[in-house]
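K.L.:
Those protein sequence lines, which keep their order, are chains A and B. For what it's worth, this note's numbering labels the leading residue of the first sequence as -17, then goes sequentially. For what it's worth, this note's numbering labels the leading residue of the second sequence as 37, then goes sequentially.
Hint data in this document are derived by calculation from the structure and do not stem from the laboratory. Any given hint could turn out to be false.
[To be verified] From the structure, some residues in chain B lie toward chain A, with a derived Cβ separation under 10 Å: (1) Ile89; (2) Leu92; (3) Ala93; (4) Cys115; (5) Ile133.
[To be verified] Part of the chain A face toward chain B, derived, beta carbon under 8 Å: (6) Gly(-2); (7) Pro(-1); (8) Ile1.
[As the list claims (entries may be wrong)] Taking CB as the label site, the calculated pair distances span: (9) Lys59(A) - Leu124(B): 26 to 34 Å; (10) Ala23(A) - Glu96(B): 21 to 29 Å; (11) Leu50(B) - Ala89(A): 23 to 31 Å; (12) Val106(B) - Pro30(A): 37 to 45 Å; (13) Asp151(B) - Pro87(A): 14 to 22 Å; (14) Asp68(B) - Asp27(A): 46 to 54 Å.
The C-beta atom is built at its ideal place from N, Cα and C for all residues, glycine as well.
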Amino acid sequence: MAATDKQPGRTRLIGGPGILLVWLYGVMVVGAVSRSAVQIATEFDKAPLAYSLSAVAGLVYGFITYSLVRGGETARKAALVCCAAELAGVLTVGTWTLADPSAFPDATVWSDYGMGYLFIPVLLPVTAMFWLRRSRTATQ
Amino acid sequence: MLDALTVATAVAALALAAWCGWAAYRDQPTKDWHFIGMAVVTVLTLVQLVVGIVQLARGEKAEQGTTIFVAYLIGSFACIPAAGFMSLAERTRWGSITVAAGGVVLAVLQVRLYDIWGG
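Kindly produce the complete structure, drawing on both the sequences and the hints.
P.N.:
Dropping the structure here:
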């Protein structure tokens, strides 16, 4: 592969199953960022907490996608940390929306553990963490 | 007109997903025929984009707002080409799975589009 020849020091993170992860993360970036952008621009006062959380989710997804595409050990670690943060976020916000629905007049990307997004938000970080851990063993 | 197109696109997207899923099951990358299939689905989304904008220009309104409607139309149009290019970069079964996932995503977008337009 020409791309790998140019960057001998970097682990390629988007080979095989990685490409599917990049695709799904890419979809989530577009989903979360565009959704929060529209909601913050048009009706921010209705549910400020929910919309801000969606925007944060979008940023986290964007960073993970970029790390996966870039490749390399630093990016791999950074992506791993972000996936853990993402998982923590999904679990916290998911539980929060179930425990105290009144704080969320409108849904976020992570409401009810991402049910509105086919539970992809909760499944994705788990899959990604497995993949990123395996990538390390592959390079050693 | 738009509703029929939305249903047709959703069905085509699911068929594409099943087809590429089958290729992945048989451990094959996407081939020329798959790309023709992707082109057909993409043409459907392009027609949908044009028809949607024409409907808006004629003064019809999307139930849940014009901005969201147009955003989903553009998202639908970009969905399959993006997955297709990624499968070109990944010439294994995982490329096929990516296109299959793209088909499922497009079908979901179509369901949302149907609601947003208010069919």
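K.L.:
Against chain A, is Ala93(B) within 10 Å by beta-carbon distance?
P.N.:
Violated: closest Cβ of chain A sits about 21 Å from Ala93(B), beyond 10 Å.
K.L.:
Double-check Ile1(A) for me: the hint is only fine if its C-beta lies closer than 8 Å to a C-beta in chain B.
P.N.:
4 Å, holds
K.L.:
Next item in the hint list is Ile89(B). Is there a CB on chain A closer than 10 Å to its CB?
P.N.:
Ile89(B) check fails; min Cβ-Cβ to chain A is 18 Å, beyond 10 Å.
K.L.:
Between Val106(B) and Pro30(A), does the C-beta distance stay in 37 to 45 Å?
P.N.:
25 Å, violated
K.L.:
Is the distance from the Cβ of Asp68(B) to the Cβ of Asp27(A) consistent with 46 to 54 Å?
P.N.:
52 Å, holds
K.L.:
Report holds or violated for the interface hint on Ile133(B), using the least CB-CB distance to chain A and a cut-off of 10 Å.
P.N.:
Because about 5 Å separates Ile133(B) from the closest Cβ in chain A, which is inside the 10 Å limit, the hint holds.
K.L.:
Should the hint that Pro(-1)(A) touches chain B count as held when the rule is a Cβ pair under 8 Å?
P.N.:
Check passed: Cβ of Pro(-1)(A) comes within 6 Å of chain B, closer than 8 Å.
K.L.:
Is 21 to 29 Å a correct range for the gap between the Cβ atoms of Ala23(A) and Glu96(B)?
P.N.:
23 Å, holds
K.L.:
Per the CB criterion, is Cys115(B) less than 10 Å away from chain A?
P.N.:
It holds, given that the least Cβ distance between Cys115(B) and chain A is near 8 Å, below 10 Å.
K.L.:
Could you see if the CB distance from Lys59(A) to Leu124(B) stays within 26 to 34 Å?
P.N.:
29 Å, holds
K.L.:
May I ask you to test the hint 14 to 22 Å on the CB atoms belonging to Asp151(B) and Pro87(A)?
P.N.:
Because 20 Å falls inside the window, the suggested range holds.
K.L.:
Given a hint of 23 to 31 Å, does the C-beta separation of Leu50(B) and Ala89(A) actually sit inside it?
P.N.:
25 Å, holds
In summary, the structure is inconsistent with hints 1, 2, 3, 12 from the numbered list given earlier, while agreeing with the others.
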